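Colleague: Take a look at the letters that make up each chain.
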Amino acid sequence: MQEQGFDYRKKAKEAIKDPQFQKGLQSIQMRIGKATLERYAELRDIEELRRKAKEVRIHAVQNLDQYLTTFTQRVREKGGEVFFARDSESAQRILLQVAEKHNVKKVVKGKSMVGEEIGINHFLESHGITPVETDLGEFIIQLAEERPSHILGPAIHKSKEQIGRLFQEKLKAPYTHIPEELTMIARRTLREQFFEADMGITGCNLAIASKGQVMLVSNEGNIRFSITIPKVHVVIMGMERIVWSLREALLLLRLLSRAAAAQRMATYVSIVGPGEKVSKDGAFYVLILDNGRSKIAKDPDFKEILSCIRCGACLNICPVYGKIGGHAYGGVYSGPVGAVLNPLLFGIERYKDLFFGETLCGACKDICPLHIEIPRMLLELRRRYKEGYDKYHIKPKKDLEYLAIKGFEYYSKSPPIYNLVTRTINLIRRDNT
Amino acid sequence: MRPDRVVDRLITEAKQIGVEVYEAKDPQHLRHSLVDFLTKRYATHNSVCIPLEGFPLADEIIPELKTKGWDVLQADNSIKFEEFLERLKHIQVGISPIDLSIAETSTLVIRNNRPFLREISLLPPVHIAIVGKDQIVLDMSTASELIDGWLTESLGVTFITGPSKTADIELNLVKGVHGPKELIIFILSQCQSLLPS
Chain A
1 MQEQGFDYRK
11 KAKEAIKDPQ
21 FQKGLQSIQM
31 RIGKATLERY
41 AELRDIEELR
51 RKAKEVRIHA
61 VQNLDQYLTT
71 FTQRVREKGG
81 EVFFARDSES
91 AQRILLQVAE
101 KHNVKKVVKG
111 KSMVGEEIGI
121 NHFLESHGIT
131 PVETDLGEFI
141 IQLAEERPSH
151 ILGPAIHKSK
161 EQIGRLFQEK
171 LKAPYTHIPE
181 ELTMIARRTL
191 REQFFEADMG
201 ITGCNLAIAS
211 KGQVMLVSNE
221 GNIRFSITIP
231 KVHVVIMGME
241 RIVWSLREAL
251 LLLRLLSRAA
261 AAQRMATYVS
271 IVGPGEKVSK
281 DGAFYVLILD
291 NGRSKIAKDP
301 DFKEILSCIR
311 CGACLNICPV
321 YGKIGGHAYG
331 GVYSGPVGAV
341 LNPLLFGIER
351 YKDLFFGETL
361 CGACKDICPL
371 HIEIPRMLLE
381 LRRRYKEGYD
391 KYHIKPKKDL
401 EYLAIKGFEY
411 YSKSPPIYNL
421 VTRTINLIRR
431 DNT
Chain B
434 MRPDRVVDRL
444 ITEAKQIGVE
454 VYEAKDPQHL
464 RHSLVDFLTK
474 RYATHNSVCI
484 PLEGFPLADE
494 IIPELKTKGW
504 DVLQADNSIK
514 FEEFLERLKH
524 IQVGISPIDL
534 SIAETSTLVI
544 RNNRPFLREI
554 SLLPPVHIAI
564 VGKDQIVLDM
574 STASELIDGW
584 LTESLGVTFI
594 TGPSKTADIE
604 LNLVKGVHGP
614 KELIIFILSQ
624 CQSLLPS
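Protein chains in written order, with our numbering: chain A, 1 to 433; chain B, 434 to 630.
Read the hints as simulated data drawn from the structure, not as lab findings. Just so we're clear, the structure is a prediction, and the values are computed from it rather than from any experiment. Be careful, since some hints might not be right.
[To be verified] Cut-off 27 Å, straight-line C-alpha distance, at most; resulting in silico cross-link-like pairs (BS3-like, lysine-lysine):
| hint | chain 1 | residue 1 | chain 2 | residue 2 |
| --- | --- | --- | --- | --- |
| 1 | A | K231 | B | K522 |
| 2 | A | K34 | B | K522 |
| 3 | A | K23 | B | K608 |
| 4 | A | K172 | B | K608 |
| 5 | B | K522 | B | K566 |
| 6 | A | K231 | B | K566 |
| 7 | B | K566 | A | K160 |
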């Protein structure tokens, strides 16, 4: 869901003035960002792996119909169900139908940016279903009724003291600011929730088309709980998050682990599909969201952004994100990737500050495991915004700069005017000498 | 790479991510060192879950632990899944065989069609994995061929690399947020394969 009344400059200033926020941002960039580059350097054939991975993802983006058709067939053959949602509203409706069919009262959720796009939590609550975020960072954010400030570390803007007071107030836990103790409070609270929930909703790191299964990655183990304990598992995925084979998924997993948290391998990886539930009334659903993606996939200038695997590495190095944090980006996605995705998905006019705000320094492209050309796309967005872009209903901007450029264009293209002006200038110059 | 070198690599990688590794030469040795390890390390909380399938000498180790005062949850088909889960909630140590190990990342692979193993390796605060020496491969490429075949035949797989962890509070690394806080590997040298293929 998009934030109402979003103000880039205001949110950026707030973050810059917040010492705790600055500490969190600095810490994630100094520690994770730098370590990611070191992890890459360990692999001798790293550039070859990155090139291959990019190729794999671009092929998928260019052949989405074929990939998704096969994936859907395989899931259905194995007894699961697949739904396509054109936008967030239709995704909400489908989700509600599935929840009602299984008489769901409580949902445990894994962290999902697509879930944020759909606005699952608010929607479920308004229909009497309790959503519980189970990733520790997301759980903290949900209790605080705030928004994630980082794709992977949603609560990096909060101090341990703030979290301690939050747990004291909302969970009636005795105050502590020791991370180990806070984590154990969350463990006990959430452990109960897993067993009370009737449905687990997870995102999708990558769907594997030829297998009809999805690959889910986490360090905490909350995803494993969400898919094994409740009887129903719903996967929500952006339509572009797919590869063809297991081999391709594992190649991307190796890069994802290094890029996301500077690990050689993420702690838990589940490859799951239909039929995994022990309980007889178990069920497996995949909800595939378009929400503007098919339009981007057809756009030669921007389709590359759909190859993104949401590792968050670009956030961990971007000098702009490093100061203004995730809230300033207003939409679901933040950092360099958000500066391209939010405008394309939720409105170029509305999110123009994002692509004008980045510096084009290229650090994002360098750290991106797929070397996605974010700076090129930021520049392209600026051009489209100025010159107009019919596909996105953007009109050309007739400001002073535009008039000056247009005037120059007219002058240089028309011989009589060109000659007149040049002669006049020469005349003036001669008079002066 | 020679088998011993692959084992060495697994041990090196495991240590780097906070996983303890022990080696046992045969099932009898494993039985002794496992009982020894459990009773010395976990004197205060005495409960363990042991699956019968894929666990060498389970029929000997279970009575031995029981006589030492341990509460043993036996995971086999005689128990209903719901009841099993209910009891597993209170168990301190889960022991499981695994299907495959990838040395270069110290990753353990469990096939999801193994009854109980996903739960045993997730719920208790301590997970002890039994790894047959012949089940260790060097890298992901080798592993992916095997796993690809498994996915075609049946259900999915679970990869485990180190204990459950989070860095969500001021980037402090905390172990055991949802899954096990401790992961221990016992490598069994004289062993073809623990689980039926």
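Colleague: Can you list which hints this structure breaks, lowest number first?
Modeller: Result: hints 2, 5, 6, 7 break, sorted rising.
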